[in-house]
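Protein sequence lines correspond, in order, to chains A and B. Be aware that the first sequence starts at 1, since it is given in this note's numbering, and climbs by one per residue. Be aware that the second sequence starts at 1001, since it is given in this note's numbering, and climbs by one per residue.
Just so you know, the hints here were simulated from the structure itself, not pulled from any lab data. Treat the hints with caution; some may be incorrect.
[Unchecked claim] Short, incomplete list of chain B residues facing chain A, as computed with Cβ under 10 Å: (1) G1027; (2) V1030; (3) R1031; (4) P1033; (5) D1034; (6) E1036; (7) L1037; (8) A1038; (9) L1039; (10) H1040; (11) Y1041; (12) R1043; (13) F1045.
Predicted model, so just to flag it, every value in this text is computed and none were measured. Beta carbons: idealized from backbone N, C-alpha and C, even for Gly.
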Amino acid sequence: VSEYELAPATREALAELLLTLADDEFVLGFWDSEWTGIAPMLEEDVAMSSISQDEIGHARAWYELLAGLTDDDPDRIAFGREPDAYRHAALMNHPRTDWAFTVARRYLYEHADALRLEALMRSSHAPVAELAAKMRREETYHLLHFDAWLRRLAEAGGEARERLLAAVDRLWADAQAVFTPLAGEAALLESGILPAPLSAIRAEWVERVTAAFAALGLPLPDAAAEPSGDGRSRRTDDFGWLHSQFTMVARSEAAATW
Amino acid sequence: VNEAETPRDRVWEVFRQESEGDPMIHGGNVRAPDEELALHYAREFYGRRQESHRLWVVPREAIVELDDPDLLQPPFDRSFKRPGGYIIKHKLEAAKARASQDGDAS
């Protein structure tokens, strides 16, 4: 389906979907770039910074697709909105916190994102399907890396395991928000742009996380948790602070060309 | 705790190949607590810019080192063991010419 043939309602729904995909990657990329210089060891410092850069790169690709669709400027979308206009999942409202918290969030997000990308690879909208296929290849490494870290912290026992469990407890409800139903989801499903309902992708994700946690002897907070309606519109002071940081340069010279 | 004995201090030597068929060349090393993270970190340090086709990651303690000068730099003249005195360029050209003549004949 070419974007020019899309009905206005479908077009609007596609724009909403692209904004959620881009904002998830963008905000998480910025939070975790804060590990640069202070990760547990030098090698992990480089790995975490590189993974964060990957996410910013993915955000950029989604923002560019969105800008093409809405005749906007990708930098304006990324840096020119007020905090309330961002549509990342509540999972990305939390600050970086400690290493176990970062590992827990990345693990929950990477698997959610991988399953979402796998669904989008079957999208009827070719630009979305192509981007999703490219990103899914790059996410293979992210999955391996955070699977490894989840296992390390779980098997280490003691304080590492306790901090990991505390982080999962704090994040679990907000992790569901990655799958918050979209206002235009019916139009996306009907047009085949989104090949499966977000609730169905979430069910796959819960099944996968449940199996992985069981294998590591980790209790799961509540497999029946549902995303809350404001999962992508609720903002926090922590995000307000991050927003002030990542828009600082763009605000310093509003008319500049980068 | 003796830092040298903590597993996070394990050193892994990384060899990289730029294209299929090229020799594996020593790139450097990474520290990692186990094989899995050693591979991840090797990928970050020696492959994240798409500069490598293949990596070998080897625990440093698996390397057998030889640097004894009595074995590697013996004091007598050993120049007769080098192939430098034997010029094969003309023999190679003659062999190529013969091969192409054989090819024309068949």
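How the hints compare with the structure:
Interface restraint check for G1027 (chain B): the shortest CB-CB distance to chain A comes to about 14 Å, outside 10 Å, so the restraint is violated. Here the hint on V1030 (chain B) is kept, as its CB sits about 5 Å from the closest CB of chain A, short of 10 Å. A distance limit of 10 Å between C-beta atoms decides the matter here; for R1031 (chain B) the minimum to chain A is near 6 Å, and the interface restraint holds. With a least beta-carbon distance of about 8 Å to chain A, the hint placing P1033 (chain B) at the interface is held under the 10 Å criterion.
Among the interface hints, the one on D1034 (chain B) holds; its C-beta lies about 8 Å from the nearest C-beta in chain A, closer than the 10 Å criterion. At its closest, the beta carbon of E1036 (chain B) sits 5 Å from a beta carbon of chain A; the interface hint therefore holds under the 10 Å criterion. With a least beta-carbon distance of about 6 Å to chain A, the hint placing L1037 (chain B) at the interface is held under the 10 Å criterion. With 10 Å as the threshold, the beta carbon of A1038 (chain B) comes within range of chain A, its nearest partner Cβ sitting at about 9 Å, so the hint holds.
A hinted interface residue such as L1039 (chain B) counts as satisfied when its beta carbon comes closer than 10 Å to some beta carbon of chain A; here the least separation is about 9 Å, so the hint holds. This hint holds: H1040 (chain B) has a C-beta 5 Å from the nearest C-beta of chain A, less than the 10 Å allowed. A distance limit of 10 Å between C-beta atoms decides the matter here; for Y1041 (chain B) the minimum to chain A is near 4 Å, and the interface restraint holds. About 7 Å separates the beta-carbon of R1043 (chain B) from the nearest beta-carbon of chain A, less than 10 Å, and the hint is met.
A least Cβ separation of about 7 Å between F1045 (chain B) and chain A falls short of the 10 Å threshold, and the interface hint therefore holds.
The structure fails to meet hint 1 from the earlier list, while all remaining hints are met.
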